[in-house]
Each structure stands twice: as structure tokens, then as C-alpha cells.
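*Asks:* Numbering (our numbering), first residue to last: 2 to 98.
Derived from the structure by calculation, the hints contain no laboratory data.
Even glycine gets a Cβ: it sits at the ideal position worked out from N, Cα and C.
Take these hints with a grain of salt, some might be off.
As the list claims (entries may be wrong) - FRET-style restraints, in silico, Cβ to Cβ:
(1) D44 / L72: 18 to 24 Å
(2) E40 / E66: 16 to 22 Å
(3) D30 / D68: 18 to 24 Å
(4) F84 / V43: 17 to 23 Å
(5) E75 / D38: 17 to 23 Å
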Amino acid sequence: MRHYLIDFLLITTLVFTINIKSVLSAEPDIRQIRCIDVEDEVDLANFAFWLDGFISGLGERPFAEPDHIELLIEQTLKTCNEFPNEAVFEIVKRLKQ
Numbered sequence: 002m003r004h005y006l007i008d009f010l011l012i013t014t015l016v017f018t019i020n021i022k023s024v025l026s027a028e029p030d031i032r033q034i035r036c037i038d039v040e041d042e043v044d045l046a047n048f049a050f051w052l053d054g055f056i057s058g059l060g061e062r063p064f065a066e067p068d069h070i071e072l073l074i075e076q077t078l079k080t081c082n083e084f085p086n087e088a089v090f091e092i093v094k095r096l097k098q
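Could you build all of it, start to finish, from the sequences and the hints given here?
*Replies:* This is the structure:
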């Protein structure tokens with residue numbers, strides 16, 4: 002009986018580990034999110050705002066310029082309307098240069 006219990010625990014642990022890895026790998030890469038993946042324009046504006054801060058942090062420039070952010074969001078929304086298959090990360094990154 003003990004042999005079956007150990008086998009059961011090993012198999013359960015293996016199945017649980019495989020399920021956890023598949024859930025973790027399902028996390029989206031923010032660099033791959035395209036304009037059409039964000040359904041709402043408000044969500045897209047919020048995502049562009051967040052990406053502005055994220056990209057600034059990557060470049061070790063954590064300073065916010067309110068006028069620049071507003072223009073960046075407007076240009077991101079405009080570009081997404083013109084090119085819905087483009088990655089939002091790339092649009093924001095290009096606009097920040």
C-alpha cells in the first residue's frame with residue numbers, strides 16, 4: 002500500500018508542476034501586445050501611459066513630463082488607428098526617441 006501512495010504523490014507532484022509551468026508560460030510578453038489586442042481606447046491610452054513609465058525606467062530616466070506624456074498618448078492612439086497590427090511597445094518606444 003505504501004508503494005502506491007508514494008507513486009501517487011510523485012505523479013501528483015509531476016502533474017502539478019507541469020500545470021504550474023504552463024500557467025506561467027501563458028503570461029503575455031508586453032512587447033508583443035498589438036494595438037488590436039487592446040479592445041478599448043481608454044485601456045490603450047492607459048497602457049501607453051504605463052509603457053511610457055516602463056520604458057523610461059529601462060533607460061534609467063524615471064522623469065515624467067506631463068506635456069510629453071499627453072502627446073505620446075495621442076500619437077499612440079493615432080498610430081494604432083492607422084496600423085492596428087503594430088506592437089504598442091514599439092510605437093511608444095519610437096515616440097519616446
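*Asks:* For every hint, state whether the structure bears it out.
*Replies:* Outcome of the hint check:
A hinted range of 18 to 24 Å for the beta carbons of D44 and L72 is consistent with their spacing of about 19 Å. For E40 and E66, the Cβ-Cβ distance of about 29 Å falls outside the hinted range of 16 to 22 Å, so the restraint is violated. For the pair D30 and D68, the beta carbons lie near 30 Å from each other, so the given range of 18 to 24 Å is not met. Remark: the range hint 17 to 23 Å for F84 to V43 is upheld by a beta-carbon distance near 20 Å.
Here the CB-CB span from E75 to D38 is close to 20 Å, well matched to the stated 17 to 23 Å.
The structure is inconsistent with the numbered hints 2, 3, although it conforms to all the rest.
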